[in-house]
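Protein sequences appear in the order of chains A and B. Start counting the first sequence at 1; every next residue gets the next number (the numbering used here). Start counting the second sequence at 1001; every next residue gets the next number (the numbering used here).
Be careful, since some hints might not be right.
Sample of chain B residues with no beta-carbon within 12 Å of chain A, all distances over it, derived [what the hints assert, rightly or not]:
id, residue
1, 1037
2, 1040
3, 1050
4, 1105
5, 1123
6, 1199
7, 1203
8, 1205
9, 1226
10, 1242
11, 1246
12, 1281
13, 1304
14, 1322
Below, a list of computed lysine-lysine pairs in the DSSO-like style, where the Cα atoms sit at most 27 Å apart [to be verified]:
id, chain 1, residue 1, chain 2, residue 2
15, A, 161, B, 1190
16, A, 202, A, 161
17, A, 117, B, 1251
Restraint ranges, calculated between C-beta atoms of paired labels, are given here [as the list claims (entries may be wrong)]:
id, chain 1, residue 1, chain 2, residue 2, range
18, B, 1120, A, 215, 47 to 53 Å
19, A, 215, B, 1058, 55 to 61 Å
20, A, 292, B, 1251, 50 to 56 Å
21, B, 1251, A, 211, 46 to 52 Å
22, B, 1252, A, 257, 58 to 64 Å
23, B, 1196, A, 238, 47 to 53 Å
24, B, 1196, A, 96, 22 to 28 Å
25, B, 1100, A, 292, 58 to 64 Å
26, A, 257, B, 1248, 40 to 46 Å
27, B, 1120, A, 89, 51 to 57 Å
28, B, 1351, A, 215, 35 to 41 Å
Think of the hints as simulated: they come from the structure by calculation, not from any bench. We put the beta carbon where it would ideally sit given N, CA and C, even for glycine.
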Amino acid sequence: MLTSLILSAATALAAQPAAPSAATDGTSWTLHASKVYTSTGKVHENALVVVRDGKIRAISPGVEAPRDALRADVITAGMVDASARVNAGSLSVEQSSEVTPGVDAASSVDLFDSRWKRLAKSGVTSAFVGPLNQNVVGGHGVIVKTAGGMSLEERQVDGAKLLCGAIGSQPSQRNSPAFGRPRSFYNRRPTTRMGVEWEWRKALYDAAQAKDPSAEQSMLRDVLAGKTGLFVQAWATQDIRTAVFLREEMEREGFGTMRLVIDAGAEAWREPNMLVRSGTAVVLPPVPSQGRTTDQAFMALDCAKVLLDAGVSVALSAHDASDASERLDIQAGYAMRGGLNREQALRAVTLTPARILGIDGRVGTVEAGKDADLVLWNGEPFEATTRPVGVLVGGHLVLDPR
Amino acid sequence: MLSLSLIAAAPLFAPTAALSAPAASTPAVDGHAFALKARHVHVGDGSVLSDAYVVVEGATIKSVGKSAPKGVRVIEVDGHVAPGFIGMRERTGAAGETSESARKSTPTADLAYAFDPEHPGWEALVANGVTTVVLTAGSDRIAGGMAAIVSPARGEVVKRGAAMTIGMSRRSISSSVEPTSYAGLHAHVKAAFEADAGGHFSRAKAGKLPVMIEAISRSEVARAAAFAKQHGLAGAIVGAPRADETLDAIKGAKLGVVFEPLSPGSDSHVVDSVIALDAAGVPFAFTSDGRPGNMRMTAAACTRAGLDPGAALRALTGGAAALAGVGATHGTIAAGMAADIVVWSGSPTDLTSRVHAVYAGGDLVHSHEGAHGQGAGH
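Please construct the entire structure, taking both the sequences and the accompanying hints into account.
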């Protein structure tokens, strides 16, 4: 009885044409796939996904495809890249200071950048973008949909507040020479990893102890209180340690408990227990072709597997995917080759990054009520011969499977 | 206190004015009225009058019509008559003098003090039919000063404090001093509008003082338009070669666009943008940028791609004057307007046409030897 009700409801919904009417602004569709991977653990077979006004209205398994539905072998949630790096390059960095929590990537993110189209067509539907990693504390990042309107109001997704920073060689990259005097602020004050850590510690201590905190210090206090997450790029073991130790020191001092996310944690697999202990999530960088990443960190295909088995929350990233062979679905494929099963790999590019970004209420799974961010695949996702053939972002068809 | 009224006689510059007028070999008439009779008179608002007389008395146009009053000397010109062009961004003779880099922002600096009436560069500009220019602060400034409108041929300041110039493009971001980022730049612009020491920002926010915001990339233009809309600013975006793709934002903010000139080999987006703006009813104009002929070349490229020649001429004259806030006195051929008139051999937007004579404030300041009609007085 119940089944037949659902079925009849589904049939009624399916009667809606695939081609959207003008009234719906092109955001209402009927989709059908042999399999719908929902990222919740559930897989629906021969399922109809009904999209109305940019939202997923209903999912009905065991239904024949209506003639005019958008069809695919597999449908998954749109992928989320928690470290997309479609930033404005050096113009996203305020280099006049090492510690610039006041910088907001929303000021510099360029929605007309052609990389957005490429990301969207590769199946990435939400992305987190911070300032370029040249500052110790670079500034706040912004979460945006990869397609939709051309204003930030239309594209921005409300989620976790995240302050971006870096530990490693990047923030001290423009070192001054060992002798001679600095010519400009390009000769960065921290010239060493030790100096970078000192800048971090000083900024946090100053903020915690300030009697009359500045606007920027208040932002750092929000980080200490865990209201704003700390999104720290740290590739190598020693830099990941530094981030975790900083967090532990702040806790010990009674300044607060920071919510830490390690970005580009290529060597996070070496000491996963440290991350489990501190509840730290990891965003992995794209798998390097020669095994070594930035800062000579070693990363193998089983990185995600090791971390996941240890109980660390892991998201995969393709960074800006400037190389087609680094696309996010291919990263998920590598992770599977490293030992993840398809469900785990899928979560690492959908639900997990959505949770890290605090946008899992809207995206990350295929469930009724969620944003219609969907990827249509021509086979089992993440296989070498499979690629996205259709992509919807908020119901907008950015890649047409027909 | 900046005087915002018209300085017709330019008292400040009167002594130099007498010595300037670089291209003026002989004044047309000594204070007496004269009339230009032409087969085509381009008004500057998009319309063209046939067989009309433009009567000039002193520095202004007395009347425009089918006849001239008795006793007025009539100069019959063989060609077209049009208003002098208005260059919306010009720094001739002021290279290095428009960018006060000792400070981040000098919003109340007066660009009139960057004006060198004796600079030889003006002659070529005037000879190409440009009679009015807007001196603006350097593109690398954040709030570099108040634009001044000047008549280079007469060596006069037409209007001081005409518009506030704001830089919101990457040109205002330096690699060697703060700010080095968009975030830093925006913080400066925002702080300037919120602090408002001189009162000028309040006037700009009330829409009483136009702004000229330089913004180039689509993202910069979208941000500048959103900023202008948020603060209730009126004026124009300067740059915006892809304005066609940010049309909604520009139109929504009720701004105009001042286009930089096309240069040989550059892509044609300016042309597409101009045509899109014209269709959408968004006002636009062009910069002269010190290269004579640039403006007309750009306008001609647009007409070749389908822009109505009347709309192109309006952008060079009356439309530009309106954007610069001097539409009531400059840019069109009508009674009461400044007698800034150019005699062309053919249609002004036709690149085969050439300048026969240029009148600025009623004085003949340039003439092409032998090409001018009889009785030109030289």
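Hint by hint, here is what the structure shows:
1. Every CB of chain A is more than 12 Å from the CB of residue 1037(B) (nearest about 52 Å), matching its label as outside the interface.
2. For residue 1040(B), the condition that its CB be more than 12 Å from all CB atoms of chain A holds, with the nearest at approximately 42 Å.
3. With a least beta-carbon separation of about 46 Å from chain A, residue 1050(B) lies farther than 12 Å from that chain, consistent with its non-interface assignment.
4. Its beta-carbon lying about 16 Å from the closest one in chain A, residue 1105(B) satisfies the requirement of being farther than 12 Å from that chain.
5. Interface exclusion of residue 1123(B) from chain A stands, the closest Cβ pair being 40 Å apart, more than 12 Å.
6. Consistency note on residue 1199(B): stated as away from chain A, and its beta-carbon is indeed over 12 Å from all of that chain's, at 26 Å minimum.
7. Annotated as non-interface, residue 1203(B) keeps its C-beta farther than 12 Å from every C-beta of chain A; the closest such distance is 26 Å.
8. Interface exclusion of residue 1205(B) from chain A stands, the closest Cβ pair being 21 Å apart, more than 12 Å.
9. Here residue 1226(B) does not stay apart from chain A, with its beta-carbon only about 7 Å from theirs, under the 12 Å limit.
10. Distance to chain A contradicts residue 1242(B) as a non-interface residue, since its nearest Cβ pair spans about 8 Å, not more than 12 Å.
11. Its closest Cβ contact with chain A, about 7 Å, brings residue 1246(B) to no more than 12 Å, contrary to its assignment away from the interface.
12. Under the 12 Å C-beta cut-off, the non-interface status given to residue 1281(B) relative to chain A holds; the minimum distance is some 20 Å.
13. Every Cβ of chain A is farther than 12 Å from the Cβ of residue 1304(B); the closest lies at roughly 27 Å, confirming the non-interface assignment.
14. Every CB of chain A is more than 12 Å from the CB of residue 1322(B) (nearest about 28 Å), matching its label as outside the interface.
15. Simply put, residue 161(A) and residue 1190(B) have alpha-carbon atoms about 22 Å apart, close enough for the 27 Å limit, and the pair holds.
16. Among the hinted pairs, residue 202(A) with residue 161(A) is consistent with the structure: their alpha-carbon atoms are about 22 Å apart, no more than 27 Å.
17. At most 27 Å may separate the alpha-carbon atoms for a hinted pair to count; residue 117(A) and residue 1251(B) meet this at roughly 25 Å.
18. Distance hint check: the CB atoms of residue 1120(B) and residue 215(A) are about 51 Å apart, consistent with the given range 47 to 53 Å.
19. Taken as a hint, the range 55 to 61 Å holds for the pair residue 215(A) and residue 1058(B), whose Cβ atoms sit roughly 59 Å apart.
20. Checked against the given bound of 50 to 56 Å, the beta carbons of residue 292(A) and residue 1251(B), roughly 51 Å apart, stay inside it.
21. The given range of 46 to 52 Å is respected by residue 1251(B) and residue 211(A), whose C-beta atoms sit roughly 49 Å from each other.
22. Our hint of 58 to 64 Å for residue 1252(B) and residue 257(A) is violated, since their Cβ atoms are close to 44 Å apart.
23. The hint said 47 to 53 Å for the Cβ distance between residue 1196(B) and residue 238(A), and at roughly 49 Å that hint holds.
24. For residue 1196(B) and residue 96(A), the hinted distance range of 22 to 28 Å is satisfied, since their beta carbons lie about 24 Å from each other.
25. In this structure the hint that residue 1100(B) and residue 292(A) lie 58 to 64 Å apart at CB is violated, the actual value being about 49 Å.
26. A C-beta distance of roughly 45 Å is found between residue 257(A) and residue 1248(B), which places it inside the suggested range of 40 to 46 Å.
27. Between residue 1120(B) and residue 89(A) the beta carbon distance is about 41 Å. The supplied range of 51 to 57 Å is therefore violated.
28. Under the hint 35 to 41 Å, the C-beta atoms of residue 1351(B) and residue 215(A), about 55 Å apart, miss the expected range.
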